[in-house]
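Line order of the protein sequences matches chains A and B. Numbering that gives the first Met the number 0 puts the first residue of the first sequence at 0, with every later residue one more than the last. Numbering that gives the first Met the number 0 puts the first residue of the second sequence at 0, with every later residue one more than the last.
If you are wondering where the hints come from, they were derived from the structure by calculation, not from laboratory data. Careful: at least some of the hints might be erroneous.
To be verified - Label-pair distances were calculated between CB atoms; the ranges are: (1) B:Val24 / A:Arg196: 37 to 45 Å; (2) A:Glu177 / B:Lys9: 31 to 39 Å; (3) A:Pro118 / B:Gln13: 21 to 29 Å; (4) A:Arg114 / B:Arg297: 34 to 42 Å; (5) B:Gln13 / A:Gly201: 25 to 33 Å; (6) B:Arg297 / A:Glu72: 45 to 53 Å; (7) A:Lys115 / B:Gln13: 20 to 28 Å; (8) A:Glu72 / B:Gln13: 23 to 31 Å; (9) B:Lys9 / A:Pro91: 13 to 21 Å; (10) A:Pro118 / B:Ile242: 29 to 37 Å; (11) B:Gln13 / A:Ser111: 20 to 28 Å.
What the hints assert, rightly or not - Residues from chain A that keep clear of chain B, each with C-beta distances beyond 12 Å, as calculated: (12) Asn5; (13) Glu50; (14) Gly62; (15) Pro74; (16) Leu76; (17) Gly81; (18) Pro91; (19) Lys93; (20) Val99; (21) Phe101; (22) Met103; (23) Lys129; (24) Leu180; (25) Arg204; (26) Lys222.
Quantities reported herein were computed from a predicted structural model and do not represent experimental measurements. All C-beta atoms, glycine included, are put in the ideal place defined by N, C-alpha and C.
This is what each chain is made of:
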Amino acid sequence: MIKFYNASKIYPVDVRALNKINLHIKPGEFVSIVGQSGTGKTTMVKTLIGEERIDEGKVVVGGWDITDIKENEIPILRRQIGVIFQDFKLLPKKTLFENVAFAMQVCNGSPSKIRKIVPQVMKIVGLDSKMDRYPFEVSGGEQQRATIARALVHRPKILLADEPTGNLDSLNAHEIIELLLRINRFGTTIVLVTHNREIVNGLKRRVITLDNGMVISDQAVGKYIL
Amino acid sequence: MFIALLRVVKFSLQDIYRNIWLSLVTIMILVLSLFTVNMLLVVKVVGDTAVEAIKEKIDINLFLKTSAEENEILALKAKVSNLSEVKDVTYISKAQALENFKSKHTDNPEVLEALKVLGTNPLSPTLVIKPKNLESFDNLINELNSFDDQIIESRNFSNYKAMLEKINGITTKVYDAGLVLSIIFVAITLLVIYNSARVAMYTHRREITIMRLVGASKKFIQMPYLLSSIIYAMISVLIIMVIFYLFLHLLQPYLEAFFVGYNVNLIQYFFGNGLKIFGSQFLAAGIINLIASYLAVRKYAKV
């Protein structure tokens, strides 16, 4: 599903955010990418959504070589990859329903399709009873659930979660991870970028550890080793 | 496609509404620019009318001796008519001149009394010559001066050309100054629109980030801001139409008083050619705004 071949991202002056990365994430996997700050985790996420381009090597997503992806192809790529971040990036003046619907509206989704799909994904994330609430009216965990719902509306093959629990207490963090696992069971590939040792150790899934832009460990059932 | 268009319109109107003060300032600057351009047009129309009015009055009088025979006068008239610089020659006989004089001084009994006391018709027959155009005016004067006909008593060659050149000079200077002012306003408009689009994108940075993340196309992200700039142009042209209608309404009586006997109707001119005048202004303002907005969105709304 995701393949990095000797991929390097070099920032001026000769700072290698990614350094000859080689990895292969299979469809339906749940992979945690761990590492200290500045080790290249976010650069990897940005590369996967076409926000950054690698300078050396090759990146393939779902069989599509995105190494030299054209600007007009980026939106197509992003509709196949859901992304969630530490800051929820919800629009404060829109209800949770409207926030999720917004993702479809801006991608030319028809009103009937929006009316059908949004309640479905809201139900998946457990917010079907709070669709009319504004972001400030719900907890941080529920806000993150709404962003997951928004990421799911295009039925992505991959869900990238960049520190999704960074702003949450342990209970809400646990619930979000449970939700990600549930989505993974539906067949969506999950790439979780995190600092949270407890979560990684509790998952008992594949763990890739980055240091200085390089993969220093790749364990099938791994632990947080740093 | 239609839904996408509707959403672009909705986001554009949202953009204008959420930055209402900035939108108002933008529109005000545009209105000022358009006002300057339209004032230039007024100067041009008034200037042209003044020049035409003077051109109408240009004629050259050849005063003939009272003793001149009719056949001699008609021969001279034919000779003058044959000149290439002449448009038209009118012969005013002594009797006709007297009639004209009387009707001109009909409110002045003293003059009419003096004429009665005189007993005879003291007025000379005249040839009134209209030149073909202003450029050949000097040549015509030279030609007429070269005529050595015994029946010519005197020649009246007022220097209308100098007057016309003066008026042309003034209108050209006013026009040039207006042109410079317009260019300055166009430059200000470009900067203001550019800045408006930039601020609008800053206000909507969160929406733009989300749009990018969820896979909205570049066109969809940028279109609302480009459309806003067109809407600004449209509103500004509508406002300037109202302002100019009122302004011309106030100006018209003064113009009519100044150009008595001439048809100077600026309201008719502006609104008779409304589609051409205001349509082209909308087109020009729209293009300028589009360029400024496009430069801003290209720089600040990257996908």
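Which of the listed hints are not met by the structure? Violated hints (numbers, rising): 1, 5, 6, 10, 13, 15, 16, 17, 18, 19, 20, 21 and 22; every other hint is consistent with the structure.
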